[in-house]
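Student: Next come the chains, spelled out residue by residue.
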Amino acid sequence: MAAVSVTVPKTAKRGEVIEIKTLAAHVMENGFRTSQTGERIARDIITQFVCTYNGVEVFRAELYPAMAANPLIAFTTVATESGTLAFTWIGDNGYSVSHSATISVA
Amino acid sequence: MKLIALLALAVLARAGEIPLAERRSGYDLMSRETRAMQDDDTTNPALFTLMEGEALFKANCASCHDDMKGVAPRYPAVKAGELVNLEQQINACRTERQKARPFAYESKELLALTAYVGRESRGMPIAVSPDDKHLAAGRRLFERRQGQLNLACSQCHDDNWGKSLAGTPIPQAHPTGYPIYRLEWQGMGSLQRRLRNCMIGVRAEPYTYGSPELVELEYYLMWRARGMKLETPAVRP
Amino acid sequence: MISRRHFLLLGAMATPALAQLDPNIAAKRKAALDEAVRAVTRGVQLRPGRVKLDVPPLVDNGNTVPITVSVESPMTQADHVKAITVLTEKNPQPYVLRAHLGPRAGRAIVSVRGRIADTGNVIAIAEMSDGSFWSDTISVVVTLSACLEDGLI
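Chains as they are written, first to last, in the numbering used here: chain W, 1 to 106; chain D, 1 to 237; chain B, 1 to 153.
Keep in mind the hints are simulated off the structure, nothing from the lab.
In this text, all values refer to a predicted model and were calculated from it rather than measured experimentally.
One thing to keep in mind: the hints can contain errors.
[As the list claims (entries may be wrong)] Derived PhoX-like pairs: lysine-lysine, alpha-carbon spacing no greater than 25 Å straight-line:
{"id": "1", "chain 1": "B", "residue 1": "Lys28", "chain 2": "W", "residue 2": "Lys21"}
{"id": "2", "chain 1": "W", "residue 1": "Lys21", "chain 2": "W", "residue 2": "Lys10"}
{"id": "3", "chain 1": "B", "residue 1": "Lys52", "chain 2": "W", "residue 2": "Lys21"}
[Stated by the list, open to error] So the derived list for chain W, only partly shown, Cβ under 7 Å to chain B, looks like this:
{"id": "4", "residue": "Pro9"}
{"id": "5", "residue": "Gly55"}
{"id": "6", "residue": "Val58"}
{"id": "7", "residue": "Arg60"}
{"id": "8", "residue": "Ala66"}
{"id": "9", "residue": "Ile73"}
{"id": "10", "residue": "Phe75"}
{"id": "11", "residue": "Thr76"}
{"id": "12", "residue": "Val78"}
{"id": "13", "residue": "Asn93"}
Glycine included, every Cβ here is placed at the ideal spot set by N, Cα and C.
Generate the whole structure from the sequences, applying the supplied hints.
Tutor: What follows is the structure in structure tokens.
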């Protein structure tokens with residue numbers, strides 16, 4: 001089961017800059033390690049993360065093998081209106097996870 | 001009776017041990033950034049394991065157990081004459097009461113449950129009940145030289161804590177936060193896994209998971225850390 | 001008499017070990033970093049300043065290093081940070097993260113946890129809406145934790 005965790009305030013004042021903290025459970029196998037018998041262990045990482053706010057992209061990141069396991073990405077966004085923040089993680093081997101949170105902006 | 005108690009006290013509190021007031025958690029040796037990883041519940045990397053633990057507890061244990069507050073600080077404990085740690089207690093419940101198969105050591109289920117149970121007692125003082133026989137056995141293991149490097153646990157962790165070993169400060173080795181998220185493993189692990197790492201570090205053949213030696217060592221370490229606050233789930237390098 | 005299977009296994013084991021022993025590895029990784037920086041800036045001059053890279057100078061463990069990059073910017077439509085890139089000097093490949101921001105971010109700040117293989121520089125580059133590039137570099141010391149599972153130490 002692909003687990004993710006997103007921390008975002010449930011309410012905010014219009015124009016306030018809010019902090020969003022995201023964590024994804026993922027081994028982030030970097031592709032540079034070798035097994036006991038000398039074979040290269042294949043890369044298996046999350047490669048992309050996108051956050052949209054009522055459908056508009058407000059943050060995007062490309063992740064590389066140098067991101068630690070269970071990657072944390074924390075960023076900010078302006079609370080412009082009430083609605084839905086949608087988060088998507090995409091990675092190797094068909095990894096794709098989505099999560100959303102609603103925010104009420106007064 | 002009082003004389004025996006006094007003698008027992010004398011035996012159990014020898015020189016070489018860290019004075020109780022000078023005991024420090026490994027937390028104090030970490031950088032501000034690593035400590036922040038442990039302190040922030042929303043970004044502690046043990047988060048997912050905790051979530052799984054809560055789900056497993058609700059599905060498998062909540063029908064009998066209300067509340068796990070105060071449980072973890074008392075383990076390892078002597079039950080029906082045998083010293084058991086928390087993992088073994090959980091498995092005993094599973095096999096004896098639930099007629100279910102036991103969880104393997106370091107399995108994600110067992111780590112999740114011990115993390116959840118441990119977190120329920122976060123902030124509480126470690127309080128294992130002293131049993132002379134098992135404590136003496138545990139202490140002997142702690143003070144026994146072993147491995148190709150021929151080092152005893154006490155030589156690093158009682159006698160040289162705080163000093164640098166290959167650029168890393170030596171902690172006092174109190175198991176205040178198990179199971180931990182160890183940055184080196186990039187995952188969760190039990191105290192037994194960490195102890196096996198120590199043994200590999202001194203080039204000793206590590207005891208197997210669940211062996212009486214490891215449980216006795218856990219027990220001695222928890223007693224040595226008595227009164228210190230439980231930090232589960234801790235983050236450690 | 002060594003069996004063919006054992007001979008092949010030995011060969012397979014030797015190759016990665018030899019790659020690690022490549023005397024030019026540091027130079028190669030430095031070159032890869034320089035090329036990555038050029039790719040990020042697309043030839044525009046990289047100026048130190050405006051970017052604050054927050055990374056522990058002595059890391060507890062190179063597997064998980066908290067990294068925060070913040071950039072002074074009003075984050076308005078007219079003047080904002082478009083992208084932040086974090087790179088390292090000694091890793092097998094130089095990139096850690098590329099974050100794309102914009103005026104909707106409110107503040108130019110991003111926090112991640114990276115892997116830093118060895119003592120060396122960590123670099124953060126900010127691309128501004130006016131096409132300029134700014135950077136901050138921190139030298140980080142990485143030590144191995146004691147008592148590992150594969151017994152390297």
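Student: Please go over all the hints and tell whether each is borne out by the structure.
Tutor: Hint check:
Of the pairs offered as hints, the one joining Lys28/B and Lys21/W is violated, with about 35 Å between alpha carbons and a cut-off of 25 Å exceeded. The hinted pair formed by Lys21/W and Lys10/W meets the criterion: a straight-line CA distance of about 13 Å does not exceed 25 Å. At most 25 Å may separate the alpha-carbon atoms for a hinted pair to count; Lys52/B and Lys21/W meet this at roughly 20 Å. With a cut of 7 Å, the hint placing Pro9/W at the interface with chain B is violated, because the nearest CB-to-CB distance is about 13 Å.
Taking 7 Å as the C-beta contact cut-off toward chain B, the hint placing Gly55/W at the interface is violated, the least distance being around 13 Å. Among the interface hints, the one on Val58/W holds; its C-beta lies about 4 Å from the nearest C-beta in chain B, closer than the 7 Å criterion. Annotation: interface hint on Arg60/W holds; nearest CB of chain B at approximately 4 Å, less than 7 Å. At a threshold of 7 Å, the smallest CB-CB gap from Ala66/W to chain B is about 4 Å, leaving the interface hint in force.
Using the Cβ-Cβ criterion of 7 Å, the hint placing Ile73/W at the interface with chain B is satisfied: the shortest such distance is roughly 6 Å. This hint holds: Phe75/W has a C-beta 5 Å from the nearest C-beta of chain B, less than the 7 Å allowed. Hint status for Thr76/W: holds, given a least beta-carbon distance of 5 Å to chain B, under 7 Å. Taking 7 Å as the C-beta cut-off, the interface hint given for Val78/W holds, the closest approach to chain B being about 4 Å.
For Asn93/W, the suggested interface contact is broken, since its CB lies about 19 Å from the closest CB of chain B, more than 7 Å.
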